[in-house]
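Student: Next come the chains, spelled out residue by residue.
There are 2 protein chains.
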Amino acid sequence: MSKSVAGPEIERLVQLLAKVPGLGPRSARRAVLHLIKKKEQLMGPLAAALTDAVENVKVCSECGNVDTMDPCTICADQRRDPATLIVVEDVSDLWALERASAMNARYHVLGGTLSPLDGIGPDELNIVSLVNRVSQGTVRELIIAVNATVDGQTTAHYLIDQLQGLDVQVTRLAHGVPVGGELDYLDEGTLTAAMRSRTSI
Amino acid sequence: MSKSVAGPEIERLVQLLAKVPGLGPRSARRAVLHLIKKKEQLMGPLAAALTDAVENVKVCSECGNVDTMDPCTICADQRRDPATLIVVEDVSDLWALERASAMNARYHVLGGTLSPLDGIGPDELNIVSLVNRVSQGTVRELIIAVNATVDGQTTAHYLIDQLQGLDVQVTRLAHGVPVGGELDYLDEGTLTAAMRSRTSI
Chain A
8 MSKSVAGPEI
18 ERLVQLLAKV
28 PGLGPRSARR
38 AVLHLIKKKE
48 QLMGPLAAAL
58 TDAVENVKVC
68 SECGNVDTMD
78 PCTICADQRR
88 DPATLIVVED
98 VSDLWALERA
108 SAMNARYHVL
118 GGTLSPLDGI
128 GPDELNIVSL
138 VNRVSQGTVR
148 ELIIAVNATV
158 DGQTTAHYLI
168 DQLQGLDVQV
178 TRLAHGVPVG
188 GELDYLDEGT
198 LTAAMRSRTS
208 I
Chain B
8 MSKSVAGPEI
18 ERLVQLLAKV
28 PGLGPRSARR
38 AVLHLIKKKE
48 QLMGPLAAAL
58 TDAVENVKVC
68 SECGNVDTMD
78 PCTICADQRR
88 DPATLIVVED
98 VSDLWALERA
108 SAMNARYHVL
118 GGTLSPLDGI
128 GPDELNIVSL
138 VNRVSQGTVR
148 ELIIAVNATV
158 DGQTTAHYLI
168 DQLQGLDVQV
178 TRLAHGVPVG
188 GELDYLDEGT
198 LTAAMRSRTS
208 I
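One line per chain: the protein sequences are A and B, in this order. Take the first sequence: its letters are residues 8 to 208, numbered as in the working numbering. Take the second sequence: its letters are residues 8 to 208, numbered as in the working numbering.
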C-alpha cells in the first residue's frame, strides 16, 4: 500500500485481501472494487460464507482434515475402507487425491514436512497420532503420498522408521512420466525412475 | 470446480472466492486453506471487514466515488479545489490518480465508457450529472482523464460535445513516453504523439 486513497474501512479491506495468497496490493484493490460493484450477488454472500467458516470450520481430530464436522465427512463415512490409510502433507493434497477419486481410503494429514531449518521437527507434525492410529491394527496398507520433494522424501523415510515393527504394509506413489507429459521436457530423475519401473503391456 | 471434496460450507466459500477477480478455482482453494490456517489473524478480520463494507460502503451521490460517507471524503474535503474537476472512467482510475497525488482537484466518475456493442449508451454513464455539475459555474477547468483507448477517446469526444457552450476549459492528459519507458518498446502512435508534443528543455 503506497498511500491511502479510499476511506479507512475500504483500505482495511484492501489490506486484508492483499494477504490472501494469489492476491497482491494491486489485485486486492481491483477485487475490492469488483466486490463493491457486485455487493448483493458476491460481497454479501462472501461475507456470510466467511463468517460461517470462521465459526464452524474445525480440524478433524482423527485425520487433520478441515471440515465443519469433527470427525470429518471422510472419517465419518462408513463406506471408506478403514484398512487403507493415505498419508499426505497437507489438506490441499487430500483434496487433490479426492478430486482424482484415486482410492476409497481414509487419510492422515501430517500438516507439513520435516524441515529442521524452519524449526519443524517430528513434534510439529501429526506423526504420533499416525503411529497410534496404525498401532490399533485396523490399517493393513499405509500409502505414503507425500510430495516427491527432498523434504517430502526425508519425511517419508522418518515415517517408515517410526512404523518399524508395526504389522502394516507401507507403499508409496509410483514415480514416472505424468499422463500427457512429453519426455523431452522431463528431468533425468523422472525418466530414470520411469524406465526402472517400466511395466509390460 | 471439478468435484466437491470438502464440506458444503467450505465448497461454497471456494466457489465464491473463485469469482473474485485475480482468483480462479485452484487459487481460491489455496486461499481458503490459507484462511482456515490463519483463522484468527486473517479469516476473522476479513469476514468482519467484508460485513462492515457490505453495510457501510456507498456510492457518492456527488461524484460516483465509493466510500463509507456520502458525499465522499474527497467531495467533503474543503481543501480540494472546486474549480478543477477530473473526469475518470472508474473508481480505480480515481485511486490511481490519488496515489500519484497529481492534482488537488475533485473528481467525477463516469462509471465506464460508451460502448454501443455492450449496450452502454450515455444514459448508463454519469454524464447528465457531470453536465449539471459543470453548469453550476464553479468548475473552471475540466480535465478529461479517461483511458487512452478507442472507447475512452470516443467517450471523451462525446463529453466535449455535451459540454459545448458551457464556460469551462476542457483539457486532457498528455500523451507521451511513460517515465522510465524505453523507446524501443513503444508503439508508433505513442512515439508520434510524444514527438509532436515535444517540449524545449
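Any given hint could turn out to be false.
Heads up, the list lumps identical chains together, so a pair's fine if it works in one copy or across two of them.
[Claimed, not checked] Only pairs whose alpha carbons sit at most 25 Å apart, straight line, appear in this in silico SDA-like list of lysine to any residue: (1) Lys44 <-> Tyr192; (2) Lys44 <-> Gly183; (3) Lys65 <-> Gly119; (4) Lys45 <-> Val135; (5) Lys44 <-> Gly14; (6) Lys26 <-> Val138; (7) Lys44 <-> Pro28; (8) Lys45 <-> Ser99; (9) Lys26 <-> Glu47; (10) Lys26 <-> Ala155; (11) Lys44 <-> Met202; (12) Lys26 <-> Lys45.
The hints are simulated quantities; they were obtained by calculation from the structure and are not laboratory data.
Student: Now tell me if each hint is right for this structure.
Tutor: How the hints compare with the structure:
1. In this assembly of identical chains, the alpha carbons of Lys44 and Tyr192 never lie at most 25 Å apart, being 44 Å within a copy and 35 Å across copies at closest.
2. With identical chains, the CA atoms of Lys44 and Gly183 are never at most 25 Å apart, being 47 Å at best within one copy and 32 Å at best between copies.
3. In this assembly of identical chains, Lys65 and Gly119 lie within 25 Å of each other by CA distance solely inside one copy; the values are 18 Å within and 43 Å between copies.
4. Taking the shortest alpha-carbon separations for Lys45 and Val135, only the inter-copy value of 24 Å comes in at or below 25 Å, while the best intra-copy value is 47 Å.
5. Within a single copy, Lys44 and Gly14 get their C-alpha atoms as close as 16 Å, which meets the 25 Å cut-off; across copies the closest is 29 Å, which misses it.
6. When the C-alpha separation of Lys26 and Val138 is checked against a cutoff of 25 Å, the pair qualifies neither within a copy, at 36 Å, nor between copies, at 41 Å.
7. Taking identical chains as interchangeable, the C-alpha atoms of Lys44 and Pro28 lie at most 25 Å apart whether they share a chain (23 Å) or sit on different chains (12 Å).
8. Proximity of Lys45 and Ser99 under a CA criterion of 25 Å is satisfied inter-copy only: 15 Å between copies versus 29 Å inside one chain copy.
9. For the identical chains of this complex, Lys26 and Glu47 are neighbours both inside a copy (24 Å) and across copies (13 Å), given an alpha-carbon limit of 25 Å.
10. In this assembly of identical chains, the alpha carbons of Lys26 and Ala155 never lie at most 25 Å apart, being 28 Å within a copy and 32 Å across copies at closest.
11. In this assembly of identical chains, Lys44 and Met202 lie within 25 Å of each other by CA distance neither inside one copy nor across copies; the values are 55 Å within and 40 Å between.
12. With identical chains, the CA atoms of Lys26 and Lys45 are at most 25 Å apart both within one copy (21 Å) and between copies (10 Å).
Comparing the model with each numbered hint stated earlier shows that hints 1, 2, 6, 10, 11 do not hold.
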